[in-house]
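In my numbering, the protein residues as written are 1 to 568.
Quick caveat, the hints were computed from the structure, so don't treat them as lab data.
Beta carbons are placed, not taken as given, at the ideal position from N, Cα and C, and that holds for glycine.
Incorrect hints may have been included.
[Claimed, not checked] Each pair of labels, with its calculated beta carbon distance range:
(1) Asp546 with Asp526: 26 to 34 Å
(2) His478 with Pro563: 43 to 51 Å
(3) Glu466 with Gly201: 15 to 23 Å
(4) Glu562 with Lys2: 47 to 55 Å
(5) Lys2 with Leu107: 46 to 54 Å
(6) Ser459 with Glu81: 33 to 41 Å
(7) Glu81 with Asp296: 31 to 39 Å
(8) Glu555 with Leu107: 22 to 30 Å
(9) Ala564 with Asn258: 49 to 57 Å
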Amino acid sequence: MKVDVLIVGAGGAGLYAALSAVKENKDLNIAVLTKVYPTRSHTGAAQGGINAALANVDPTDNEELHTFDTIKGSDYLADQEAVKYMCFEAPKIIRAMEHMGVPFSRLGNGKIAQRPFGGASRDRTCYSADKMGHVMLHTLFEQCIREGVKFLNEWFMLNIVHDGKRAIGVTAINIATGEVKLIKTKSIILATGGHSRIYWGYTSNALGCTGDGTAAALRAGLPVKDMEFLQFHPTGLRKSAILVTEAARGEGGHLINNKGERFMKRYAPEKMELGPRDLVSRSIMQEIREGRGFKDDEGREYVHLDLTHLGAEKIKERLPQIRELAIDFEGIDPIKEPIPIKPTAHYAMGGIHTNIKCETPIEGVYAAGEAQCVSVHGANRLGGNSLLDIVVFGNVAGKEAVRYAEGTDFAQGGEGKLEDDVKFITELMNRESKETLGDMRNELGEIMFKHFGVFKNESEMQEGYEKLKNLIDRAHKHLGVEDKSKVFNLDLQSTLEFFNLLEIADVLAYASLQRKESRGSFYRDDYPKRNDEEFLYHSMITKNADGSFNYEKGEVDISLYEPAERKY
Numbered sequence: 001m002k003v004d005v006l007i008v009g010a011g012g013a014g015l016y017a018a019l020s021a022v023k024e025n026k027d028l029n030i031a032v033l034t035k036v037y038p039t040r041s042h043t044g045a046a047q048g049g050i051n052a053a054l055a056n057v058d059p060t061d062n063e064e065l066h067t068f069d070t071i072k073g074s075d076y077l078a079d080q081e082a083v084k085y086m087c088f089e090a091p092k093i094i095r096a097m098e099h100m101g102v103p104f105s106r107l108g109n110g111k112i113a114q115r116p117f118g119g120a121s122r123d124r125t126c127y128s129a130d131k132m133g134h135v136m137l138h139t140l141f142e143q144c145i146r147e148g149v150k151f152l153n154e155w156f157m158l159n160i161v162h163d164g165k166r167a168i169g170v171t172a173i174n175i176a177t178g179e180v181k182l183i184k185t186k187s188i189i190l191a192t193g194g195h196s197r198i199y200w201g202y203t204s205n206a207l208g209c210t211g212d213g214t215a216a217a218l219r220a221g222l223p224v225k226d227m228e229f230l231q232f233h234p235t236g237l238r239k240s241a242i243l244v245t246e247a248a249r250g251e252g253g254h255l256i257n258n259k260g261e262r263f264m265k266r267y268a269p270e271k272m273e274l275g276p277r278d279l280v281s282r283s284i285m286q287e288i289r290e291g292r293g294f295k296d297d298e299g300r301e302y303v304h305l306d307l308t309h310l311g312a313e314k315i316k317e318r319l320p321q322i323r324e325l326a327i328d329f330e331g332i333d334p335i336k337e338p339i340p341i342k343p344t345a346h347y348a349m350g351g352i353h354t355n356i357k358c359e360t361p362i363e364g365v366y367a368a369g370e371a372q373c374v375s376v377h378g379a380n381r382l383g384g385n386s387l388l389d390i391v392v393f394g395n396v397a398g399k400e401a402v403r404y405a406e407g408t409d410f411a412q413g414g415e416g417k418l419e420d421d422v423k424f425i426t427e428l429m430n431r432e433s434k435e436t437l438g439d440m441r442n443e444l445g446e447i448m449f450k451h452f453g454v455f456k457n458e459s460e461m462q463e464g465y466e467k468l469k470n471l472i473d474r475a476h477k478h479l480g481v482e483d484k485s486k487v488f489n490l491d492l493q494s495t496l497e498f499f500n501l502l503e504i505a506d507v508l509a510y511a512s513l514q515r516k517e518s519r520g521s522f523y524r525d526d527y528p529k530r531n532d533e534e535f536l537y538h539s540m541i542t543k544n545a546d547g548s549f550n551y552e553k554g555e556v557d558i559s560l561y562e563p564a565e566r567k568y
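With these hints in hand, go ahead and build the complete structure from the sequences.
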């Protein structure tokens, strides 16, 4: 198989990249490869909104303020020119999506409505009730169909193939037939999303968020950046960890402990519940640590998110999906009772290292969206900036990949990698499984949440890393595929995804042990202060053939704002 530009992943970043690519050059063969049908991509789970300084609510808002809020929110680890580019592109890209037909909620004067979000100095989060990602995803997919983008639905990427200098293609399984193929391409865009499923039962992420592109990049020798920074969203449902959007607090929701206190006044007296996510998550866990949380009959500890004072009309209009989720998964109607919540592993700030053009060190290989680390989020992402990131840099990646493909021909080779992958799959299918995949996934989640959770320290992480290494060893020796069929073998797919999760967990744990400070989402009890003198750098990690890691320090762009103490 041959395509000129291959986009892997059909979430917001992949679809916007495809749309930009086909508009850039309709004569090229452009295809999207995705393991799920595009409208099932995880972008559809994004609830609260997308940031842009439209100044529709507050006329004093502007792109510069958005830039500063993002840099401050990142705890000064974001690359500032990249942030500025994203924030100044935001109004243009919102208007472009509006013209595509994205149904934004409206103000009384007909302009796009905007609500307050955490860490922002102005009301700049554009929204569509509490289903922003869902309406974006469907609109972008419709536009791709309209423009003639080709889709390889239900294909699973295995590996990136390159010759050390430039892209050759990817190996992938057709899930419907079980056939393994080499797909040759001039340029590849990795838009495969995040990897918070390493926390398995303690995450808001869909089952498919297994870091497939990031793990493949590691195996291909590409550098990953800032992998220790993984964000816990403050408000996941107590039982399922499903997300309760930040919009619930943006609309005026209160966080309450078992003493009936709005406890955020202790931690962020000015912003209260609308402090940045890392701060609010730690504050909730601190309340629980100090005995001011609630505990249910099964031992789950949590606090309350109280929306009852907002009134039925506002909840039904602005937060209908949250009400539905609370009723379905907690048996609680937020119009009448507070919602039990706890922090949930939510978003990866780290990912595949790229420059502002979305280029990796291998020619013709690009990355965009949550799989990419450009870095516009640094140590902590502000709510509303993820949907913005995926469309801004999806747009960039699509155009850049086309420009590269226009100036080159297909590279030779790749058949050897195809043979290796076929052999690996065959051995996995023939191996007698001595452990169960479900138990091993749960074990991974327990290790990661206990040892690499909201709070960390040296001894806990070292103990966790030893457990993780043991799990990785056992998985490679004992884990096989019980379903021996070829057609729609989801047991095989889930096993391959689990191996990807292990790759990600390994590098995240390793990176975490190297950073001896607290910054943004990364908090260590034994090093509670930010240390700019020693640790104001991007961790850059590549994987060697023997499984060991090379660790380098990448320079952080602080050309616009000097690092300062972060207060809210």
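Hints and how they fare:
1. Asp546 with Asp526: 26 to 34 Å: holds (30 Å)
2. His478 with Pro563: 43 to 51 Å: holds (47 Å)
3. Glu466 with Gly201: 15 to 23 Å: Roughly 22 Å apart at Cβ, these two residues keep to the hinted range, so it holds.
4. Glu562 with Lys2: 47 to 55 Å: holds (50 Å)
5. Lys2 with Leu107: 46 to 54 Å: Hint holds: Cβ distance 49 Å, inside 46 to 54 Å.
6. Ser459 with Glu81: 33 to 41 Å: holds (39 Å)
7. Glu81 with Asp296: 31 to 39 Å: Given about 47 Å between the Cβ atoms, the range is violated.
8. Glu555 with Leu107: 22 to 30 Å: Distance hint for glutamate 555, leucine 107 is violated at roughly 42 Å.
9. Ala564 with Asn258: 49 to 57 Å: This hint is violated: roughly 35 Å between Cβ atoms.
The structure is inconsistent with the numbered hints 7, 8, 9, although it conforms to all the rest.
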